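J.: Those protein sequence lines, which keep their order, are chains A and W. Note that the working numbering has the first sequence beginning at 42, numbered continuously upward. Note that the working numbering has the second sequence beginning at 13, numbered continuously upward.
Bear in mind the hints are in silico, worked out from the structure with no lab data behind them. No experiment lies behind these values; they were computed from the predicted model shown. Some clues are possibly wrong.
[Said to hold, decoys possible] Pairs of lysine-lysine, DSS-like flavour, derived with a Cα cap of 30 Å:
(1) A:K72 - A:K402
(2) W:K540 - W:K550
(3) W:K550 - A:K391
(4) A:K391 - A:K401
(5) A:K402 - W:K35
(6) W:K550 - A:K395
(7) A:K402 - A:K391
(8) W:K540 - A:K395
(9) A:K240 - A:K310
(10) A:K105 - A:K240
(11) A:K391 - A:K72
(12) W:K35 - A:K401
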Amino acid sequence: MDLQTTALAIIAVPLLGSFLIPVVGWMRKGKLTGYLAVALIGAAHLMTWTLLGPARAGQVTSFKIPFYGDLINLSLTIDALAAFMAFTSSLIATLIAIYSLGYIEHGDHEPEYYFIVTLFLGAMMGLVFSTNIIFLYTFWEISALACWRLIGYFREPDYIWKADKAFLVTFGGAVLMLLGFVLVYAQYGTFEIADLRGKTVSAVALVLILAGVFSKSASVPLHTWLPDAGVAPSTITSLLHAAILVKIGLYGFARLFCNGLSIPPQWHKWLLAVALGSAFVSACAALQETNIKRLLAFSTVSQIGYTFLGLFAFTATGYVGALLYIMAHGLAKGGLFLCAGIIEHGTHTKDMTKMGGLFKKMPVTAVAYLVCALSIAGIPPMAGFFSKYFVIQGMVNGGYHYLAVGAILTAVLTLLYMLRSFHTIFLGQPRGESHHEGAPVMVTVVAILAVMTVLAGFFLPMPFALAKVAAAQRTIFYTLAGLWR
Amino acid sequence: MTAMLLLIVVPILAALVTPLARKNPRALAALPLTVAGLSTLGFLLALGASPLALSSPFAGPFTLAFTLDAWRLLLLAFVCFFQLMTGMYALRSVAGAARPALLVGSLLLAFGSACGVVLTANVFVLLIFWEMFLLALYGSIASGGEQAERVALKALIIGGTSDFLMVMGLMMYLLLGGSPLLGQPVRIAATPEAGLVAFVLIFLGAGAKAGMFPFHTWIPEAAEVMPATGFAALPASLEKILGISFLITVTNQMFILDRRARVIMVIFGLVTMFAVLLPALVERNFKKTLALTAISPVGFMVAGAATSHVAGIAGALMYMLTHATYKSGMFFAAGALEAKAGSARLEDLRGLGRAVPAIGWGFALAYLAAISMVPTGGFMAKELIFEGMLHRAPSVLALLVVGAILNVAVMTKLLAVVWERRPVARPALAGCEYVPALLLGVAAFFTGLVFAAAVPAFELKVGPAGPGGLTAMFNHVGPLTYVSLLVWILGIALYLVARERTSSPAEAFSGLRTSPATAGALRLAEEKKLDWYEVGVKVVEWLTRVVFRYFERLIDVVADAIVAGGKAVSGPALSAVHNGVYGNYLSWVVVGLIVVLALVLM
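For reference, chain A alone in the conformation it holds in the complex:
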């Protein structure tokens, strides 16, 4: 299979294949829908492996499938950025899908669950390879619809309200972003990101597009839907936080503004300030939270702020750091949410103040939680340390020393709330009824994620090389534009 066919298959297999799941579910109850979802998502992931070699070699493959005249084409690009994102997202999504086999067991709406999860991943894959703004927007909104359905999965009125809130905030942002796209089109006459390279975006269009990006990636002040989305099943929150939804905003920004449109330099420090503010405020909130899933959600908002810091520094090191952050955060946060799922299953509560002493009852979950928490906190040799290092080094290289100090202080807060949560949940006196470790498949998946978090640190040269190529592909453009630092 050539690269074009592979890219199309990576999108089509989960996106179109997802529609088979309700049919199978209707024909036959049981776990078959789950296995089918794992197969579809896993197949997509396996195919992404074939992209890594060419991507690391710096190969860029672009092609168009005409859709509506010259205006709207299904333009796909396979470069280091796309390969990195596709690989990382599909890997974590596959593990989450496998975990779901134990978690969603005997649920009332299993076919619906697996259908939307698979569709969600398909939309993400479509978005990752799309370089036509209209298609990018389309996949963006498919993911919003999937997210809305999944957050309200348990169908209780309060949950429905929270799902509506998530949808309305992200949809509202996306509408503003669409207006921004229209303004860009009005200015430059194209929706092709390749044709927009080096073109300076107007201030109004930038603000409108950023509204979409920030709402999707749950950045302060458009973040409050994400902690509320904790009412969804843990697998879904894991998917939202680690693999897909919030990463869409980050990826969207990287594709649009690091490989396409140019942001005037006077905006850079303000963008950094906004990202740092988002990271700091949500870290403060995480320190005050006692609900484990809300705490982890605030942590995501904070870490997304960190990732934006890497992108907004507009330096090669910062960009590499941001990409590594996406991977490291995905693995660790995926693990943490899945640990939260096991804990919630075992204790029947999300309130950390009602937990304690769980280490003895859930040793594997406890160790996995600690490893992932340390990675998020940026403690070596976990992958999170390296990504955090490169993000801050990128800021320092860009000359933003004071903001870098702010990022360091936020990192200290992260260390504080992560360790405190571990101590509250797993150490001290046991509270409540007797608890038990999760189902084998669930525990295995969190253990795999924890091990991968460590291995990603030890084998950093591999993702680092890919991220460097992605940064270089961006560098070539910026060097030509004379804007590269």
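Start from chain A and add chain W according to the hints.
T.: Quick look at chain W alone, frame taken from chain A:
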């Protein structure tokens, strides 16, 4: 070189498999000694090797570079010795820990990562090994059980925070032209602001590792709750060696200090030295007193490094090695005595040194090194630090002497407690419980001879020492020798005066608790009001509460109101237009197309 890398790899791998041995107490207890034996074998194999270097790219500045030279060999010799002693002591003591497997795993990880810190030639890779060491420290404290968990958290947060500062400093160091592989040092005077800031940040990180003020507050607390094995191996010895040797790397190889940098270092050194001496004089817990006296010498070493004089720097390094040797010996002794007495209170340990002469003599020999008596390495170290300070700032020398006198007084009090003449039942002790304390005491006593033989290794680290080399600096009797003599006499006299007024050595200096001059400061210290960590945690708690309640939650309220309002408005409106009439939907589409077309045309 490959054999040297085994020193890193074998203990770390053994740490990873430790959980498998948790159900077999004998295997678990034997694991540290077995690994120590393998590590020592690796060390001996590489002992005859000539200086070697190994380098492999990893990611960015994190090049995997390792070097083996005479200085590193000397450090590794000490690390291997400590590892053997710890392994021997662990044979019996591991079973007494609340979480034995965690203790063993942490010890192994600590020794492996300590060897990594010693062998790496890249400061960024050093940071990674250092963080692994920090995790080992966290684990070894937490192995003390539930009561130790809070202190473990405190140690990890303090260590992590100081490391973040150091990371920031290292980034600035790179920007200033510094190399991760320590090429040309950065001259602080040439980059007045950025250079100084970078130096201070890295200095704080390195100092924190050694237990320098204000990052020291977890150490006395850890001494009370963590197993003695862990404390002797980590905070008492390895941490000091790693922290101070890196500090010398910072001041000697990474930066060329200017006057401001030296003043900052001296201030931190003096505050570290004096901040803990008063509490140490009145402390009633044996292990906590030892821990407090493990902090004070760090101030001495920092002050020595601050001199930027060959003598001062070499003195700091010698003090570091001597201190690590005698302090770990003292902790092993304290652990063994505590296990038999069932308490670490001074009152309960009185005279136990007499009852167990091996421990008593081990402690006494360690005491001689602690008060820097001839011929211990402590004597040479103190002489050199005094000489360095005499060259740089004679007025500071007077303060160092005062600190040294108080230190002698505290140590004498401990010795008097251990050797107090009173009837004590002879407790039964296994050989592995007292041999490490005795051997470390003997080793501490002979550190002077080791240092005299290892002068070339010291000179490799501190640079050329002029005519006659380092040997000429300590191998003579001069005015500073009489200063040292004065320190011993006054220190011991001070203790004797304090002892005169009390019924037992354990009560010496207890009058300071009620003295108007010192009672207030001691009370503040006991209430942890001078503990910046406790204060910092309260400030963070307040700040985050304010941000959370009055900013983040407010945003949520507004967002909810907007969403609710939007739903309230759009609900009826959508119901009205969503009336099932085909023409209505068609007009929607037409209006939408017109809007898009208008926008495109614009």
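J.: Tell me, in ascending order, the numbers of any earlier hints that this structure violates.
T.: Structure breaks no hint.
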